[in-house]
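Student: Chains as they are written, first to last, in this note's numbering: chain A, 1 to 264; chain B, 1 to 273.
Please keep in mind that the hints were generated in silico from the structure rather than gathered at the bench. Among the hints, erroneous ones may be present.
[Unchecked claim] Pairs of lysine-lysine, DSS-like flavour, derived with a Cα cap of 25 Å:
#1 A:12 - B:176
#2 A:12 - A:58
#3 A:58 - A:6
#4 A:58 - A:19
#5 A:6 - A:19
#6 B:176 - A:141
[Stated by the list, open to error] If you want the footprint, here are the derived chain A segments under chain B, 3+ residues with CB under 8 Å:
#7 73 to 80
#8 95 to 106
#9 109 to 122
Virtual Cβ for every residue (Gly too), placed ideally from N, Cα, C.
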Amino acid sequence: MLRLEKLVKTYKTGDQALKAVDLDIPEGQVLALIGPSGAGKSTLIRCINRLVEPTSGKVYLADVELTGLSSGALRRERRRMGMIFQEYALVERLSVMENVLSGRLGYVGFWRSFLRRFPQSDVDEAFRLLDRVGLAHMADKRADELSGGQRQRVGICRALIQNPAVLLVDEPTASLDPKTSRQIMRLICELCKERGLAAIINIHDVALAQMFVQRVIGLRFGAVEFDGPPEGLTPEVLTTIYGEEDWEATIEAVDDDDDAVAAL
Amino acid sequence: MSDIAFEIETRAGKPWRKPAFVQRPWLRWALIGGFVAYLIASYMTTEVNWMRVYEGLDRGKKFVLAFTSPDFTSRSTDIYWGMLESIIMTVASSVVGIAISIPIALGAARNVAPLPVYLICRSIIAISRALQEIIVAILLVAIFGFGPLAGFLTLSFATIGFLSKLLAEDIESMDKVQAEAIKASGARWAQWINYGVQPQVMPRLIGLSMYRLDINFRESAILGIVGAGGIGATLNTAFDRYEYDTAAAILIIIIVIVMALEYLSGIIRARVQ
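Take these sequences, add in the hints, and give me the full structure.
Tutor: Structural data, given as C-alpha cells:
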C-alpha cells in the first residue's frame with residue numbers, strides 16, 4: 001500500500017533527520033512509529049505527503065511514486081492521505097463543520113468551497129462521520145469551543161472525509177489526558193479496521209502503542225532500529241531505541257492497562 | 001547531579017542581582033551620561049521667544065474660547081459640502097486601498113509568497129510608507145489639479161503601505177500547523193488561503209481596516225490644506241480669516257465622527273474575535 005525506499009531527509013542546517021529509511025506497509029496495517037524526540041518520526045510522516053520535501057529516496061502510494069510529482073499531481077495524491085495532527089491543527093476560527101468539510105477541498109472547486117456550498121454527498125458524509133465520533137450536535141460550534149478530545153475527533157473526521165487510502169497520524173494523543181488518549185487511539189484503530197485503512201501512528205507513549213497496534217517501528221537518529229510485533233519490545237530493545245533506563249515499569253504498565261481495558 | 005563545578009558554600013549568603021543589559025560598567029555609564037548630555041544640549045539650543053509666546057497666548061485663548069461658542073451656521077453650506085467630500089474621499093479611498101492591500105499583503109508574507117513576489121510587494125510597501133501623505137498629495141494635486149480626486153488617490157496610496165505591512169506581519173506570525181493541515185488535504189493555493197490563512201488573520205484585517213478608515217478621515221481634513229479636497233479646505237479658510245468659531249465647529253464635527261468610528265470599530269472587533 002505504502003512503500004518507502006531509501007528515504008533521506010537532510011535539513012539545511014546539516015541535520016540528517018532520516019537516513020535511508022526503507023519501509024513497506026501492507027493494506028490495512030496499523031503501525032506505530034516510536035522513538036525519542038528528534039528521532040525523525042514527524043519528519044518521516046511529513047516526507048510521505050511532502051509537507052516536508054525529502055532530500056532523496058522514493059515514496060510509493062499504491063503504484064504512484066510521490067517524490068517526483070508536479071504540484072497538481074501531488075495535490076491529487078494528497079487527497080488519498082489523511083493526516084491527523086498533534087495539537088489537532090483545526091482551524092480554530094472555523095466551525096466544526098467547516099473543519100470537517102475542509103477535508104474535501106481537494107475534490108471541490110474554489111468557488112464551491114469559498115461559498116461553502118459543498119455537494120450534498122459531502123455534507124451527508126460529514127454528518128455521518130461526526131455522528132460516528134459522537135459530535136453531530138456540535139457541527140455549528142466554533143472549533144475553539146471544543147475540548148481537546150473533541151477537537152481531535154473532529155481532526156479524525158477531517159482526515160476520513162478525504163476517503164483516504166492511508167492515514168498519517170502525528171502524535172495524536174500528545175496533549176490529551178490518559179483516558180482520552182486511549183479513547184482516541186481506540187477510535188483511530190477501530191475506524192482503520194472498519195475502512196481497511198493502513199495507518200502510521202507516531203506516538204511517544206510506548207505502552208499505549210503496544211495496546212492498539214499490530215506492528216511497531218522503532219526509530220533512532222533517523223534510522224530504523226526495530227521492526228516487529230508489539231510483544232517484541234523487550235527492555236533490551238527499548239534501550240537500543242531510547243537509551244539506558246529502567247524499562248520494567250513501562251512493560252508492566254502494559255499488563256495493567258490490558259486488565260483495565262478488560263474491566264471497562 | 002550538577003555537571004559543572006559549583007561551590008554552593010562560597011555562593012551562599014551573597015546577594016543576587018539581575019545581570020545588567022550592558023555588561024561593562026564604564027560603557028553603561030558613558031551611554032547614560034551621553035544621552036542625558038545630548039538631551040540637555042538639545043533643549044538648550046531650541047530657541048524660545050518669550051515675548052512672542054506672551055502675545056500668542058492671547059490668540060490661543062481666543063481659539064480655545066471659540067469652542068464654547070462654535071459657529072455651525074454662518075458657513076453651514078461650506079461645512080456641509082466639505083464634510084460630504086471628506087466622507088466620500090475617506091470611504092472610497094479606504095475601500096480601494098484595502099482591496100489593493102490584501103493581495104499585496106499576501107505577496108509580502110514570506111510564508112505564503114515565493115521570494116521574487118515577496119521582494120516586489122515589500123518594495124511597493126516601502127515606497128508607499130516612505131512618502132508622507134502631504135508630499136504625495138502635493139504631487140498628485142500638481143498632476144490632477146485641485147479637488148478630491150487627488151485626495152482620494154493619496155489616501156488610497158497611503159492605505160496600501162499601512163495595511164499591507166501590518167497584515168503581512170500578521171500572516172507571517174500565523175499558526176503554521178493550522179494552515180499545514182489544510183494543505184495536507186490536497187487543497188489548491190486559493191483554497192488554502194481561504195481556509196487555512198484567512199480565518200486566522202480576519203480579526204486583525206477588520207481591526208486594521210476600521211483603524212485605517214479612521215486615519216483616512218482625519219487625514220482628509222489635513223489634505224484640504226494642500227488643495228486635495230475635503231473639509232481641510234474649509235478649515236484652512238476659516239483659520240485664514242481668523243474665524244475661530246467656524247473652525248471650532250468643524251473640529252468638533254471631526255472629533256465626533258472619529259469617536260463614533262472608534263465606538264463602531266470596538267463593537268465590530270468584539271464580534272469577530
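Student: Now, for every hint given, state plainly whether the structure supports it.
Tutor: Hint-by-hint comparison with the structure:
Taking the CA atoms of residue 12 (chain A) and residue 176 (chain B), the gap is about 19 Å. The hint holds against a cut of 25 Å. With a C-alpha separation of about 20 Å, the suggested pair residue 12 (chain A) and residue 58 (chain A) falls inside the 25 Å cut-off, and the hint holds. Between residue 58 (chain A) and residue 6 (chain A) the alpha-carbon distance is near 7 Å, which keeps this suggested pair within the 25 Å criterion. About 13 Å separates the Cα atoms of residue 58 (chain A) and residue 19 (chain A), which keeps this hinted pair within 25 Å; it holds.
Only pairs whose Cα atoms come within 25 Å are accepted, and residue 6 (chain A) paired with residue 19 (chain A) is accepted, the gap being roughly 8 Å. A C-alpha spacing of about 23 Å is found between residue 176 (chain B) and residue 141 (chain A), which places the hinted pair at or below 25 Å, so the restraint holds. With 5 residues having a beta carbon nearer than 8 Å to a beta carbon of chain B, the segment 73 to 80 of chain A meets the requirement of three or more and the stated coverage holds. By the rule of at least three residues with a Cβ nearer than 8 Å to a Cβ of chain B, the coverage given for the segment 95 to 106 of chain A holds, with 6 such residues.
For the segment 109 to 122 of chain A, the assignment as covered by chain B holds, since 3 residues bring a beta-carbon within under 8 Å of that chain's beta-carbons and 3 suffice.
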